[in-house]
Amino acid sequence: MSATALRIERLVKRYGEFTAVDGISFEVPEGEFFGLLGPNGAGKTTTINAIVGLANITSGSISLFGHDVVRDWRTARRQVGLAPQEYNFDRYLNIRDVLIYQAGYYGICGQAVARRADMLLERFDLASKAKQPYIKLSGGMKRRLTLARALIHEPRLVILDEPTAGVDVELRLELWSLLRELNTNGTTIILTTHYLEEAEELCDRIGIIQAGKLVALERTQQLVGDGSLQDVFLELTRR
Amino acid sequence: MIANAVGFQTLVKREMVRTFSIINQVIWPPVIQTLLYVFVFGLALGSRIKDVQGVPYAQFLIPGLIMLQVIDQTYSESSSSVFQGRFMNSIQELLIAPLSAIEITLGYVVSGAVRAIFIALLITVLGMVFVHTTPTIWWLYLLTIVLVAVLFSSLGIIFGLLAEKFDHIAVLTTFFITPLVFVGGVFTPAQLVPPVVQHVLYGNPMFYMIDAFRYSYIGRGDLPLAVSLAVVAVLAVAAFGVALRMTAVGYKLRT
Numbered sequence: 001m002s003a004t005a006l007r008i009e010r011l012v013k014r015y016g017e018f019t020a021v022d023g024i025s026f027e028v029p030e031g032e033f034f035g036l037l038g039p040n041g042a043g044k045t046t047t048i049n050a051i052v053g054l055a056n057i058t059s060g061s062i063s064l065f066g067h068d069v070v071r072d073w074r075t076a077r078r079q080v081g082l083a084p085q086e087y088n089f090d091r092y093l094n095i096r097d098v099l100i101y102q103a104g105y106y107g108i109c110g111q112a113v114a115r116r117a118d119m120l121l122e123r124f125d126l127a128s129k130a131k132q133p134y135i136k137l138s139g140g141m142k143r144r145l146t147l148a149r150a151l152i153h154e155p156r157l158v159i160l161d162e163p164t165a166g167v168d169v170e171l172r173l174e175l176w177s178l179l180r181e182l183n184t185n186g187t188t189i190i191l192t193t194h195y196l197e198e199a200e201e202l203c204d205r206i207g208i209i210q211a212g213k214l215v216a217l218e219r220t221q222q223l224v225g226d227g228s229l230q231d232v233f234l235e236l237t238r239r
Numbered sequence: 001m002i003a004n005a006v007g008f009q010t011l012v013k014r015e016m017v018r019t020f021s022i023i024n025q026v027i028w029p030p031v032i033q034t035l036l037y038v039f040v041f042g043l044a045l046g047s048r049i050k051d052v053q054g055v056p057y058a059q060f061l062i063p064g065l066i067m068l069q070v071i072d073q074t075y076s077e078s079s080s081s082v083f084q085g086r087f088m089n090s091i092q093e094l095l096i097a098p099l100s101a102i103e104i105t106l107g108y109v110v111s112g113a114v115r116a117i118f119i120a121l122l123i124t125v126l127g128m129v130f131v132h133t134t135p136t137i138w139w140l141y142l143l144t145i146v147l148v149a150v151l152f153s154s155l156g157i158i159f160g161l162l163a164e165k166f167d168h169i170a171v172l173t174t175f176f177i178t179p180l181v182f183v184g185g186v187f188t189p190a191q192l193v194p195p196v197v198q199h200v201l202y203g204n205p206m207f208y209m210i211d212a213f214r215y216s217y218i219g220r221g222d223l224p225l226a227v228s229l230a231v232v233a234v235l236a237v238a239a240f241g242v243a244l245r246m247t248a249v250g251y252k253l254r255t
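One line per chain: the protein sequences are A and B, in this order. Reminder that position 142 of the first sequence reads as 142 in my numbering, one-by-one numbering, no gaps. Reminder that position 225 of the second sequence reads as 225 in my numbering, one-by-one numbering, no gaps.
Isolated chain A, as found in the complex (with noise of 0.2 Å):
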């Protein structure tokens, strides 16, 4: 049996009277491809951000691989990478040092760490672009350097916060490609996007997010059934 990578319990969210996530509750295991699906302000940024540490807990808890993201904070952070949605890399760094800077906010220094961040530049054909600053990148290359970028640190559980938002079909195919290699070699994924074909595709379980409270969590192909995610989708989620 496998290990479980999240544990999401009565996780509740609310920002003064607005209740963004309202006693959501779900388990992630290990190695699996997980979709959290919704419209528009559903809750799964803020879910996403309760989980990586970027909104306070209102209440319930997280825990990454056991460890609660608040109490256990540190070694809980060292478990995840994040691929947000917006491109927030450090303006002042080419593109290996955002990759090596990053992976020393996590503690992590030396040749092994320059290593790895050559063979992420290189895995996502951006090692041409190693000592050119980010904002030189293409829309493409930039998303690819997100992606590098949440792995640096060797996490267990990458989230990807709509990682093919804007691409074109080539690159997304590419993404697909690389995310799929990622999941095969043993790391958890949660993937948040508002393609419901990219989650269908590459997802084992969904769990679709409606005014912050979790209305499905299913295996893809239950979920879907005869028909498409896109009617299971538009059907929970008419307001």
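Just so you know, the hints here were simulated from the structure itself, not pulled from any lab data. Where is the CB? At the ideal position from N, CA and C, for every residue including glycine. It cannot be assumed that every hint is accurate.
[Said to hold, decoys possible] Pairs of lysine to aspartate or glutamate residues, derived as EDC-like cross-links and limited to a Cα-Cα distance of at most 20 Å, are as follows:
(1) B:LYS252 with B:GLU164
(2) A:LYS213 with A:GLU86
(3) B:LYS13 with A:ASP97
(4) B:LYS50 with B:GLU164
(5) A:LYS213 with A:GLU235
(6) B:LYS252 with A:GLU86
(7) A:LYS131 with A:ASP118
(8) B:LYS252 with A:GLU17
[To be verified] Label pairs and their calculated CB-CB ranges:
(9) B:MET88 with A:LYS131: 55 to 63 Å
(10) B:ILE137 with A:LYS136: 46 to 54 Å
(11) A:GLU218 with B:VAL242: 46 to 54 Å
Once you've looked at the hints, dock chain B against the given chain A.
Leaving out everything else, chain B in the frame of chain A:
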């Protein structure tokens, strides 16, 4: 206190990279500005002024000018770095990493102190070359710079977090720091101002910083050294405490 030493060092190194990548904004301007002050006020006008506190006016001027730049540069360093990190969201790289509030706060403060010492040393060399003045009490020279750097780096973090736009960061510099430094004894000793103004001077925190630092050059000050150092130390600890608390609760950092 620092469990993630590599993470802390990485942040300090990153801030140094930032400083030296904008060297024309942050290193040369204070040096050139100081040179101009020295030539115009110190050597040109100062030659018509008799000795001040037992030294030529240009030599009296140098410690105050160093303090002026240390204060300005440490505040600018941390306030702009924190605000820019918030604005560009790049500060999230630190927030999701296993770095504690004290590691992050100290990272900014230490980088501010390193930048301050670097600029101070450059200006000190200028003072040696053009005005023939050198610090005589080096431990006091370094201690005062470090305390002042802690104070203004911490204030920089606080205002970098409070600010909603870049313009807000300038509020402290324009309306408080620059006026207080200029009337805080950079250009004149307390004995030369009217008695009523002296009382106002003693309410100005910059006066204590400049007085303590000038002591490291000429071996005397307007106030007892222990008083000046104590005032600066208390302010530094208080500001650091506030900056640390704001970082720990994630003020405008975590939602």
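Hint check results:
1. B:LYS252 with B:GLU164: The given pair, whose Cα atoms are some 10 Å apart, holds under the 20 Å limit.
2. A:LYS213 with A:GLU86: The given pair, whose Cα atoms are some 25 Å apart, is violated under the 20 Å limit.
3. B:LYS13 with A:ASP97: OK: LYS13 of chain B and ASP97 of chain A at ~11 Å, within 20 Å.
4. B:LYS50 with B:GLU164: violated (48 Å)
5. A:LYS213 with A:GLU235: Holds, at about 15 Å.
6. B:LYS252 with A:GLU86: holds (18 Å)
7. A:LYS131 with A:ASP118: holds (11 Å)
8. B:LYS252 with A:GLU17: holds (18 Å)
9. B:MET88 with A:LYS131: 55 to 63 Å: violated (21 Å)
10. B:ILE137 with A:LYS136: 46 to 54 Å: holds (49 Å)
11. A:GLU218 with B:VAL242: 46 to 54 Å: Hint holds: Cβ distance 49 Å, inside 46 to 54 Å.
Comparing the model with each earlier hint shows violations of hints 2, 4, 9; every other hint is respected.
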